[in-house]
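Chains as they are written, first to last, in numbering that gives the first Met the number 0: chain Z, 0 to 82; chain L, 0 to 82.
Take these hints with a grain of salt, some might be off.
Said to hold, decoys possible - When the alpha-carbon atoms are kept at most 27 Å apart in a straight line, the in silico DSS-like pairs for lysine-lysine are as follows:
hint	chain 1	residue 1	chain 2	residue 2
1	L	Lys53	Z	Lys40
2	Z	Lys19	Z	Lys40
3	Z	Lys40	L	Lys19
4	L	Lys53	Z	Lys59
5	L	Lys59	Z	Lys53
6	Z	Lys40	Z	Lys59
7	Z	Lys19	L	Lys59
8	Z	Lys10	Z	Lys59
9	L	Lys40	Z	Lys40
Unchecked claim - Just a few of them, taken from the derived set where beta-carbon distance is under 8 Å, the chain Z residues facing chain L:
hint	residue
10	Asp6
11	Ile13
12	Leu14
13	Ser32
14	Gln38
15	Phe42
16	Leu44
17	Thr46
18	Glu47
19	Leu66
For the record, the hints were derived by calculation from the structure and aren't laboratory data.
Because the structure is a prediction, the values reported are computed rather than measured.
Built from N, CA and C at the ideal position, the CB exists for glycine as well.
What follows is the residue order along each chain.
Number of protein chains: 2
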Amino acid sequence: MGRIVVDIMPKPEILDPQGKAILGALPRIGIDSFTSVRQGKRFELATEGEVTQKDLDAAKEAATELLSNPIIENVVRVEAVEE
Amino acid sequence: MGRIVVDIMPKPEILDPQGKAILGALPRIGIDSFTSVRQGKRFELATEGEVTQKDLDAAKEAATELLSNPIIENVVRVEAVEE
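Based on the provided sequences and hints, a complete structural model is requested.
As C-alpha cells, then:
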C-alpha cells in the first residue's frame, strides 16, 4: 500500500477567521510564541500498491478539481510518503 | 519570520465520512487510483524570528491542548519549515 499526502492552505490574501480565533485562544493556555495561525486541510490518499507517477498525477488532478477551491485555496503539497 | 507546520489526522479507527464522500466523488472526475481518502487539518504557526526549541515545544502543546481533540485525532507532525 502507498500513500500520497495533499496539503491545501487558504490563499495568503484570504481572511482566515478560524486561524484568528485560534491565535486569540492561545494566550488562554499560556502560549504567546506565535504571530499568526492559519488553518488548512490535509488529505491522505491510499493506493493499492506502491505510488506510481500515474497515482501522483491523479492526486494532483484531484487536488485542484475536488479537494481545493482554486479561488480561495492553494495546493501547497502533493507528495508520496513512506508507510 | 519562522513557520511551524502542525498536521492533525483522525485516528485510524474513527469513521471519516468526509473522506468517504470524497472517495465516492473521485470517479465522477475519472479518478479511480485510490483505495481510501482521509481528511485532516493542517496548521501554519508563524513566529517573529527563527523557530526556537521553545517555539516547537509551544507548538506541540498547542497541538494537543487546542488544535486537536485527543479522543478522536492524532497529532502526526509538528515541524519547523523553511520560508
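* Among the hints numbered above, which are violated by the structure, and what are their numbers in rising order? -> Hints 4, 5, 11 and 12 contradicted; others consistent.
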